[in-house]
Each structure stands twice: as C-alpha cells, then as structure tokens.
Amino acid sequence: MFDYTLKINKKASFRFTLTRWILLLLAVFGIFILIYRLINGLGATTNLSDEWPWGFWIYMDLILSALGACGFAVAILTHIFHVEKFKPLARRALLMSFFCYVLVFLILFIEIGRWDNFYWFFISGAFTSPLYEVAICITLYIIVQVFELLEVWGDRYKSWVKHITRFFLPFFVLLACIIPFGQEAAYGALYLAMPTKLNVIWYSQFLPWACLITSFSGGLCFVAAEYYVHNRHYKKTSDDAMIRSLLRVAGAFILIYIVLKFVDLSVRGAWTEVFSGSASGNMFLVEFIVGSLVPAVLIFSPMIKKSMYQLIAAGCGILGVLINRFDFVFVGMADYANVSYFPKWTEIWIVIGLTALVVLVYLFAIENLPVNQGKNDEKPDIVSRPPTGIIHLSKSEQNSVSE
Amino acid sequence: MSSNSAVLFNVAKCIGCGSCTVACKLWNDLEFGENNAHGFDAKLSADSWTVVQYHTIENNAGQNVFRFAKRQCMHCLEPSCASVCFANAITVDENGAVVYSPKKCVGCRYCLIACPFDVPKYEWNKVFPSVMKCQLCADKLAEGETPSCVSVCPTGALIFGDRDELLEKAHAIIATSAATENMEATHYVNEVYGEKQAGGTRWLYISDVPFAELGFPASVPKKSIPGIVHDYTKWKPGVFLGAAAAFSAIGLYTKRRLKIEEEKASENGGENNV
Amino acid sequence: MSKGNKKEKIDPKLTRRQFLGLTAAAGTMAALTGCDVVDKVGGNDNWLPTQYRNSGNYPVNAKGRIPIDPDNPSIMRIDEKCILCGQCIEVCQNTQTIHDFYKLPVLDTFMCVHCGQCSLWCPTGAIQEKSYIDEVNEAINDPEKIVVVTISPGVRVSIGEEFGLEAGTWAQEQMVSAIRQLGVDYVFNIDFTSDSTIMEEGSELVHRLTNDGVLPQFTSCCPGWVKFIEFYYPELIPNISSTKSPVAQMGPLVKTYWAKKKGIDPDKIVVVNVPPCLCKKFEAKRPEMNGAKRYWEENEGTDYGNMMDNDYVLSTRELAKMIKSAGIDFVNLPDGKFDSILSEGSGAAVIFANNGGVMEAAIRSAYFLVTGEDPPEDLYHLTPVRDDNLDGYAEASLEVPGFGTLNVAVCNGLHAARTLCEEIKQGKRANLHFLEVMTCPGGCIGGGGQARETVPPTDHVRKARIDSIYAADEAMEKANRVSYKNSEIAILYKEFLGEPLSEMSELLLHTKYIDRSKSVHPKDTSDYVDTYFSGLE
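Residue numbers (the working numbering), protein chains in the order written: chain A, 1 to 403; chain B, 1 to 274; chain C, 1 to 537.
Here chain A stands alone, though its shape is the one from the complex (with noise of 0.2 Å):
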C-alpha cells in the first residue's frame, strides 16, 4: 500500500517501495539531527572530547572516500589502459564513487566545528597539510565527476550537453585519474602528524602509501560487491567473467600490499608489536587476514569462479578496508588517549540518515541515467514488481492519477 510511482516527466520517474519509505523516513530524521547539531555545536551532539578530537565523522570518512576509490580505480583500467571488458562498468563506478564523495563532502561540514568559516580552507593555501591536500582534491575531484556525470546526464537528456562535455571528457578523465593520488594517499599522511600517538604497527612513511593501494582494491572489491547486489535487486543476470577479471585485478594491488606490508614491519621491527596480544596487535592480525590473506586466497584460487566465492572475496576485500582504517582511526590511538569513546547516537544517526538520503538520490539516479552499458543491461533498470499506485508531478498528465 506504500508502493507508488512518482512520474517526474516523461523520462522520469522514481518508484517508492516501502524500503525506500524507510529510507526516506531515517533521511529526514537524520537531517533534523543535523539541523540540531548546527545549531547546537559539537559538545551536544558528540562524544568527542579533547583526548579524542577526532572520532566516528573522521572515520566514515576515511571509509567512504576509500570505498568512493572505485570510480577511479576503475576509469584507469577502461579509460587509461583501455580494458574493454570493464567499460560497462564505469559509468555505474562513476556515480558509486560520487555519491560516496558527496557523503564525505556532507559528513565533513558537519564535522568542522565553525562551518560557518567552511569557504576558508579553500582560499588559505595551506599547502604543508594533509588535511588541505584531502580537501582541496576532493572538492576538485567532485567538480570533474560532476562535469564527467553531466555527460551521462546529456546522453539521455540534452544532447547539446553531451556534445560539449564529450570535447572536453578526455582531460577530465585524466584529471579524475591523477586528482584521488592526493587524497587518498593524505588520508594516511593524516596520521603522519602522530608519530608519538599512533601504534607502530600502523605508523611509518608507508601509510599514505597503504592507504592508497587499500583504496584501489577496497574500490574495486566495492564495485564487484554492489554489481552483484545491483543485479540480484532488479533480477538480472551477471556477468561472473568480468567479475573475476576486476577481482584478479583487486587480487594484484591485495598482493602487493601485502608484500610491502610485510616488508614495512620487517624493516621496523614491529613484528614484536603485532605478536604481542595487545589490542592493536590482535586487531592488526583479524585486518590482515580477513582483508588481505584470505581474499588473496579466494581470488587466485580456483574457487573464485563460483559466484557465491566472488561475493566473499569481495566482501572481505571491503570489510579488510573497514578494518584497516578503523585500526588506525581508533584502536591504534586508544592506547595514548588513554580515555574510551564510543560516539553518541547523534553521531551515528545523522551518518545513517545522510547516507539513506544519499542511497535514495543513488537509486534515483541509477534508474534515471543511462549508467548501464553492459550486454545484460538492455532491459532498464526497474524494480519487477507492480506498483500500487503512480503519482504524477508534470502538468499534463496531473489529472490522471490512478489508483
């Protein structure tokens, strides 16, 4: 009974299921969170003290802008080493990865204290920070997706925007492969500043670096996860070959984080740290294995070309990202803090609640955007079942609203 179409115009139309009620519903609650948070600082709507200046706002967004790598991990491989096979996927990699970004983009502003001074960092040069390098290439990074996203957009609906944009898309995709080197190796030069607080086991000169490989394969492991998902939601069959090839290529950048993992603790002699049974060491070992061994294991073993093996290399590969960062973020510090924290529920909500609104705008987006370039995907995006109802917002067809 919650089940209706909302026709925008003749193109476009968005189906409300009861799910994406929900959604819907958790958006505007986190959005009232948020109002309230503006309005009332920090102190009221966070846990965040000053032993732990930084806490879960800084940390979704060192997950989402790794898992957002996947746009560009996967415009190298189909538009800087040509792969044909992956094309089909880049333009839905492209839309994951803004949306990812534009979620970073929002939980930032929140996270600053004086948003009202936001504009100031992107005027005051202040070009010795991690912090500046992460923020300056995201903003940029956002404004090439957008004007790369406004390509897609003209295909189907302007086609004098499509041409103009098509001129000029080979400089934007080169930049959208160069512009992610900045921030998602600073993500790891963040931590650079602590060499007193971070745990050894994490902290050295090849943490940005880890941070930037983790990213190309957290990204794409991202990318093969929601293809599956995707297709399983609107009932379409997949493509497993693809799929193994973009995990053999997650599998290699695995590899070689592995190596120079190994190599890194080997030459600082923190071995002893992991091996120790403290918290870090413990939770470095569940990171290592779960996030690099074990889909290392899945992708270059046979097993990889069943589906379901796909799903879990894939799974493992993000949640060994999810680990990496959370260790570095929280368990890593912990031990200098020397305070606990665990973030206030305000904290958790207004993510939940931007990230339902930024699911439901992805949704919309997809079944809206000519996204879907490959040989399953003729048939358009559509959720199979009937709707109950259609709600129409463009004047000439207001009249006929049925039940």
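Some hints could be false.
[Said to hold, decoys possible] List time: in silico SDA-like cross-link candidates among lysine to any residue, alpha-carbon distance up to 20 Å:
(1) A:Lys235 with A:Asp381
(2) B:Lys104 with B:Glu94
(3) A:Lys11 with A:Val383
(4) C:Lys518 with C:Pro238
(5) B:Lys196 with B:Ala179
(6) C:Lys40 with B:Gly144
(7) C:Lys81 with C:Pro70
(8) C:Lys81 with B:Ala245
(9) B:Lys43 with A:Phe206
(10) C:Lys324 with C:Phe110
(11) B:Lys196 with B:Lys259
(12) C:Lys518 with B:Ser248
(13) B:Lys43 with C:Ser131
(14) B:Lys103 with A:Phe206
(15) A:Lys85 with B:Lys259
(16) A:Lys85 with B:Lys255
(17) C:Lys321 with C:Ile78
(18) C:Lys518 with B:Ile57
(19) B:Lys259 with A:Val83
(20) A:Lys344 with A:Gly43
(21) C:Lys81 with C:Lys40
(22) C:Lys262 with C:Lys324
(23) B:Lys222 with A:Arg268
(24) B:Lys223 with A:Phe206
(25) C:Lys485 with C:Lys321
(26) B:Lys43 with A:Glu51
(27) C:Lys63 with C:Phe110
(28) A:Lys87 with B:Phe247
If you are wondering where the hints come from, they were derived from the structure by calculation, not from laboratory data.
With the hints as your guide, set chains B and C onto chain A.
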C-alpha cells in the same frame, strides 16, 4: 624585542603558587571554572591555557618531595599544529609566538590531535568553538613586555629572553650543578627539555628530577613533525606529474593498440568482436 | 500634572526594552557582517596589575603570591578573586619571614605556619579561612551529638566589629547569647584553660629555673610560633614549654574530666573551638592532639578510634557568619553566661589575648609559686611588656625574692622572633629566662581569624582591642586576677589532675613537638642578629 623569544622554566625554583595560571586568566580574560589551574589533577583545558601540575617525586636523597611542572603551549620552532592546519589559522608571528586566528579557523581539530604535547584544547560546548591554547601573550610581546606568566613569577623560576642566550644559561646551570660535589645542592638532569624535542621549542625546561616523572612526553621525536610529514609530501608533485605523464602515454598507447586490433578484426571481416 | 511629567520622563531616554531591542539588532547585524569578531581567542578584557606591564625584563618588587597547599587545614584561596597584588607575599615575607626564607627547590611541604595574616591582608578576600561551618551546623542539628563551644579571650573584643560595633568593643555577653541561640548545648570559656596553662607553664618555668633546665623557656600557646620553631630552629625545640595551648587543653578536659562528671559518652561530644586564630585549625589536626583518646585507652580500656581532642575550629569571622546566617540581632542580645565548671577565668587569663599577656599572667603565678606570696602591685601592670609592644619586642627584669633577677621578654611577629632565635642560637641572650612569642602582630587580638576591620590590619585597631582586654583585667577584683586563685582550677586539680606536672597533667595538658627541619632548607639568616632591635639593647 628579539624575534627569537623564549622562556626558560627552572623546575627546581617553582614553589607551586600558581601565580602564572592566574596571570594567564587575567590577561586573556578566561573563565576560572571549577577546576583549579594548579594542583595534583590540573589539566590544560579551553579555559586554562597554562597549568601548574603538582607531583610528588622521590629526589636524589630518597625523600618524596613536591615538584611543580608548569605546562602550556611549548611554542615549537616548527609547530606541528600550524603545519597541519588546513586553513592556516595557526601561524608563527614575528616574535616566534604560535598564534591562532579564530576568524580563519574551520574547526577541523587536526591541531588537537597533531600536537605532540597535547596542548590545544577545544571549546566543545560552544556552537562556534575556538581552539584554545597559550598565545605566548603575543599582544604583550608586541608591546615589548614579557608574557604574563613570566612577569608575575615571584621566585624567578621563569625567565624570558633570547632563545640562544637562554639555552646557554640553561647549560651553564646544569654544568655548574654537575661540577658541585655538595650532595645537598641541587643536581640538574643533563637535559634541556625543549632544546631538541619536536625540532626545538621556545619553552625550555631544566629540572632536578627526570622529565618523564613530571609528565612530560618522553617519546617526542627530535625531528620536527612538519619535517616528518614533509618526507611524505615531498613526493606528491612527482606522483601527480608522473601519473599524469604515465597515464597520458599509456592511454594513448592502449587506445592505438585497441584501434589496430579493431582494424585487424574488421580486416578479417569478423563480426565477432567483444 | 501627571501628563507633563510622564512626557518628560519617557521622551529623552530609551526604555529598557527599547534599548535591549536595539542592542540585539545591532548585535545581530554585527554578527552577520562579521564585525564583532575580534581575531583572537580569550576575552577582550586584558588586564594585569600595572607593575606587570613593564617593557622588558625590569625587576618588580611586589610580585606574585604565596603558595598555598590545597590540603592546608587553615587557609584556602579562591583563584578567581586573586589579583596578584602581592600583599600576601608582603606580610608572609616581611612580617613573618616565612615566604622566601627557605632554599629552593622545595622539599615535601608548602611552607606555612598557618598564622592566617595573609587572609587579613588580602584586599579581595581571595585568601580565606578554610571553613568548617557546614560540619559544625551538621553537628548542631544532630540530636545525638552534644556540641560544646569554647571561646578564646581574643574573640570577644573583635566579634562586635563584625556587627558594626567600634573596634575593640567588649562583646562577651552578646556572643555567648548568640551562640546559645545557634542551638549549641554548652558554651565554655578558654579563660579556664588559660589559667590551667599558667599553672602548668608557670610550674614548668619554676622547675626549669630551679633544676638548671633549658633556658630561656619559650611559651607554647601560639601554634604558629611552635611550627616556626619546628621548621626553622629544631635545635630550640627543648626551649619550648611542653604545655599545650589553652585551646588544645580544653578538648581533652571536656572529653575526660567533664564527660565523666556529666556521665556523657565522649564520642558524642563535639568540641568546637572559636579562637581568633587560624593556626588552631592546624593544631587541632596534629596527630598527637588526642590525649583524651589515650586517657580512655590507658585508664578505662575504652577505644575511641580516631577521636581527636578538638573536633572543629571556627575563626571569629566564621562564628560571626553563622550568627548572621541565623538572623540573630547580635547587638541587642541579652547578656549570656558561660556554663560552669570549665569557664571560670582570672584576669590573668583574659590578657592572654594580648602579646605580653601570657608573660604577665605567668609571672603573677610564678611569683607565687616561687615565693608563696601574692605578687606585688606592679606585677598587675607589667608596664615594660605592655607599652609599645606593637613594635615587636619588649623586655623586663624583675626581682623575685628567693630567686634573684628574672629576665623576661615578649615579642610578636615572626620577623622579631627569627632575630631573637638567631641571637639565642649565637649565645647572645644567655641571661634571658622566659620568652613569650606571638606569631601575629599584637598577639591573639590581631589573629588571622579576627574580623577584617581594616585591610590590611592597622595598629589603631590592634591598640583598641589591646586596651579593651587590659581594661577587662583591671576591672576585676585583685583576687580574681591571678590564675592560682581560680576556684574551678583548684577543684580540677583536686578532683582530677592532682597537681601541676603530674602524670595526668602530662597526659592531657602537655605535648611533644616534631622536628620538621627535613621539610625545609632554611636560608641562612645568621646576620639577622641585632638588626631588628638595635635600639633596644
């Protein structure tokens, strides 16, 4: 006034009166709040830019004695907070004071987490909070005066002056105490805390008890933290340019190869492309 | 008429509401345009006393403040009120020679003799007595507890000042009434234990004189002076009379002699002393001040745990505060009387409050103890130690039949005391037999717990209080002006103590002193000799 300003704090001369903490609050118009800025559990906070921490420490003679550690911003020569601030809100002024400008601050709190001495504190309960820390009374320095805390110290535990001269003085005090054979006399630890820590700081400490027991972080690297971050940042232009060049070349090459393959395929008359 | 008036009133001024509205609007505009933001943190009210606003590193004499131990039982400081004027250092360093008279680094103590003069000098009231009003009120409101308040002689000439009476006004009767109205069960007079102090201390002096004991004997009524000796001159500890101060004697007598007589469980008695002194708060907490507990343990086999002789000590100011909080019209109160058997006091006891008073009182009785006769007329007005003793030092010589010349001296303020100690250490005062030292200028009437009649305290006020005390002594009958004729004291010795310096007296009325020299490296002040009283030699 010297642009190389510095303060030497002689732990052995501090009597724990807390005058400096009051002077700081008077001059900077800070709230006094419930927690004393001096005492056994005194901690730096948004309202206490300097605190005097009381410690009970065993001295050379095996007696448990009071020692007082005045804590405040160390005013690093190469401040981590200023280098990581992504809005350039923290800068080093012409007298060497590390000062903060709330107008520019975005509120990312990177300075809080990046400070090796855990100095900057945040006004968590304000809607538009500021980062709060000692400014070395930059406005007083600009008028040729000494920082508030130094000006009120009744025992001369705090001395303001040129950093090089103060270092010389500190080492002289340490050398004199090392040379004396009188066991009753004060024997200083052979280290000037702040001379090398984090690349050198404008607050220098000498003490007759180990600094670690006074709560000073012992593991602060000798290299400045901006220097450590720069070890990474310096690669960045190369990475960007290298990636741009490599991607352009690879892109052009793979595109050309793709074209040739397509041509070959059409020459073969094959319809079965990918 | 009313119309014209109204118009005149409203037109030229803004109403408060209009003003607030405008301010809010201006504030909002300023906030929106960013005009109000000064680009610095902290408030805008930058202020420090002018002496700290010199260019460069010029020396400043009035600088900083004294350190106060957070656990100091006598005084505390509210930082928010401190303006770093340097007055506490002025009195602590120059009058009392405590601050800056020890070598740095510090050892295991915050140097303080708890005299509380700083709390009288502090212009903003930042330094205050550590208040025990809440605890005392709790005890008063507890039906199980029997609250006994004991009042020292000095309080009655100062407490009136808190209620607008002239400095030095004698207000004993109103004070006792007021305390009864507070709900206190018994009010005793420290004059009583002052007389027992004289009996003990006088006997001790005679004992030292006749048995080649350590001389000169120092009075021990002033706990600040005692702690000063313990810190700076531990080698002079044997000179201090082992007799407890009058306040410290009252607690054990109440919890043994009186409790037994009344049949009250000593554990239920709460002894609240009201001296003019802040150091008594410290003295009451000295661990050895538990004679009553030891008495019950040794003689009756009863263990009263951590029972101390005196439970709480209130200063004159705190007592006045309690009276004010209770809304009592102090000035117009009817005359109140002390409860009997621990309250009778001689004139000699009253003058304990003045510097020189202990000496005069002791001499009157010592004369009797040595000769067995009543003292001659001039011992009822020992002029040499009365006049000008606000200068810090006075001495007298008197002929005692059967003994010879007795040389006595009185001094107040620890600067004078320090000079005297240096001289004694260097053998320059070998002829001195008896020395009274009061830490506070003028003696107890100028105590750190007294009313803040002027800030800082002046000799004008001290003189008024001193005169009031001496007048009270003079007004008494001659027979009542010597301690040995105190009838309640006679009964006390007959029924309970036996005689002065008996075993029971030693247990309850005498004490031991602690060598505190491990807590301080004193500065060398051996050159202080002759500097203070060069004109007096």
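These are the hints, each one checked on the structure:
no., hint, result
1, A:Lys235 with A:Asp381, "holds (9 Å)"
2, B:Lys104 with B:Glu94, "holds (19 Å)"
3, A:Lys11 with A:Val383, "holds (16 Å)"
4, C:Lys518 with C:Pro238, "holds (18 Å)"
5, B:Lys196 with B:Ala179, "violated (24 Å)"
6, C:Lys40 with B:Gly144, "holds (19 Å)"
7, C:Lys81 with C:Pro70, "holds (16 Å)"
8, C:Lys81 with B:Ala245, "violated (67 Å)"
9, B:Lys43 with A:Phe206, "violated (34 Å)"
10, C:Lys324 with C:Phe110, "violated (34 Å)"
11, B:Lys196 with B:Lys259, "violated (61 Å)"
12, C:Lys518 with B:Ser248, "violated (80 Å)"
13, B:Lys43 with C:Ser131, "violated (26 Å)"
14, B:Lys103 with A:Phe206, "violated (35 Å)"
15, A:Lys85 with B:Lys259, "holds (15 Å)"
16, A:Lys85 with B:Lys255, "holds (14 Å)"
17, C:Lys321 with C:Ile78, "holds (18 Å)"
18, C:Lys518 with B:Ile57, "holds (15 Å)"
19, B:Lys259 with A:Val83, "holds (12 Å)"
20, A:Lys344 with A:Gly43, "holds (10 Å)"
21, C:Lys81 with C:Lys40, "violated (25 Å)"
22, C:Lys262 with C:Lys324, "violated (32 Å)"
23, B:Lys222 with A:Arg268, "holds (18 Å)"
24, B:Lys223 with A:Phe206, "holds (18 Å)"
25, C:Lys485 with C:Lys321, "violated (36 Å)"
26, B:Lys43 with A:Glu51, "holds (12 Å)"
27, C:Lys63 with C:Phe110, "holds (18 Å)"
28, A:Lys87 with B:Phe247, "holds (17 Å)"
Hints 5, 8, 9, 10, 11, 12, 13, 14, 21, 22, 25 from the earlier list are contradicted by this structure; the remaining hints agree with it.
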